[in-house]
Amino acid sequence: MVGGGEGAYIGNIHRLASRLDGHWQLVAGAFDVDPDRGRAFAIGQGLDPARSYGTCQELIAGESGRADRVDAVAICTPNFTHYPIAKALIEAGFDVICEKPLTATLADAVALERLARESGRFVGVTYTYCGYPMVHEARVRIARGEIGAVRTVQVEYPLEWMAAPIERAGNAQAAWRTDPKKNGRGGSIGDIGTHAYHLAGFVTGLKLDSLTADLATFVNGRALDDNAHVMLRYQGGARGLLWSSQVAIGNSNGVRLRVFGETGSLQWFQEQPNELIFTPLDGRVQTLKRGADEMSVDAKARTRTPPGHPEGYLEAFANLYAGFAEAIRARRENRVPGPIGQNLPLAHDGLKGVAFVEAVVDSAEAADQPWITPVAV
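Counting from 0, one number per residue, gives the positions in the sequence shown under numbering that gives the first Met the number 0.
Keep in mind that a hint or two might mislead.
[As the list claims (entries may be wrong)] The list that follows gives simulated cross-link-like pairs (lysine to any residue, SDA-like), each with its CA atoms no further than 20 Å apart: (1) K206 <-> R257; (2) K299 <-> R283; (3) K299 <-> E145.
Since the hints were derived computationally from the structure, they do not count as laboratory data.
Working from the sequences, and respecting the hints, build out all of it.
Now the structure itself:
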């Protein structure tokens with residue numbers, strides 16, 4: 000692991016999720032911008048002091064010469080560091096698991112996706128919400144045609160945690176997320192809007208044609224948007240609405256997806272993740288439960304406990320790590336991966352997310368808010 004040391008929320012999530020199924024073991028890391036603090040953290044995690052590195056460069060040099068070198072490196076650092084770290088790792092022959100967004104700029108995303116493709120290295124991107132069983136169930140049912148052709152998609156990701164200027168009160172996580180040099184051009188749209196965009200496309204299979212956006216910064220003095228409204232036009236005629244907000248008081252992690260087709264609809268709410276609401280035209284509303292016998296193979300592959308026993312965010316994250324492990328093993332063994340190793344968010348999905356953010360900001364900054372077609376839609 001690179002980054003994700005003391006006080007880093009997402010680093011601990013990666014560590015917990017990766018260990019949940021026994022596919023991964025954390026054996027090496029460079030956890031902090033302060034080398035001494037990073038080494039101390041690594042040793043505190045039980046790592047061999049010889050594999051507790053001060054920098055990413057030390058990690059690459061140290062692991063490259065080992066017979067038992069690491070199989071993959073998880074990047075859990077701020078956005079602006081993703082590209083140089085991932086590039087160095089790929090060029091050294093390592094597979095990569097990267098936090099989203101893939102990079103802070105579109106040029107870097109294009110270059111990194113090309114490097115991953117041409118090198119043959121595995122690059123997974125942690126779009127967490129496609130790890131939920133009922134998200135896969137929705138994807139399968141839409142592909143089967145159970146709601147007919149998709150007409151409208153509404154996806155939202157509202158949070159309240161930055162409703163006040165906490166970045167000026169010492170909150171380190173908010174500080175880099177509001178700094179364009181570290182976070183990239185998009186604030187809420189880059190941090191959480193990319194999750195919403197990926198979720199909508201993953202479930203529906205729709206490809207974006209163009210978008211127009213309205214960004215707002217409600218907290219005075221903040222350099223990046225903290226609220227975004229985006230209208231989406233998909234290829235084939237479907238329409239979409241996306242809302243991301245870091246200032247929506249009363250919302251802790253309110254990811255919600257609603258898909259309306261010609262003959263029915265599906266709705267999923269991340270704070271009630273074990274249920275999928277299916278409403279057929281002129282039929283009764285059905286609450287589909289995770290773990291039920293009629294669930295798809297895709298959903299069952301990601302289901303861990305019987306109905307009534309809650310599963311949630313950590314398990315969804317662990318499903319990604321289990322999928323990454325299966326995909327890497329299948330590549331090495333020259334076979335098709337099992338269900339858990341399919342439909343994973345990879346480098347091209349990361350590129351599409353960065354291209355989406357760039358197009359949103361371009362649209363919002365234009366005087367007439369034009370419709371813009373993102374690169375790599």
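Structure-based check of all given hints:
{"no.": "1", "hint": "K206 <-> R257", "verdict": "holds (17 Å)"}
{"no.": "2", "hint": "K299 <-> R283", "verdict": "violated (24 Å)"}
{"no.": "3", "hint": "K299 <-> E145", "verdict": "holds (19 Å)"}
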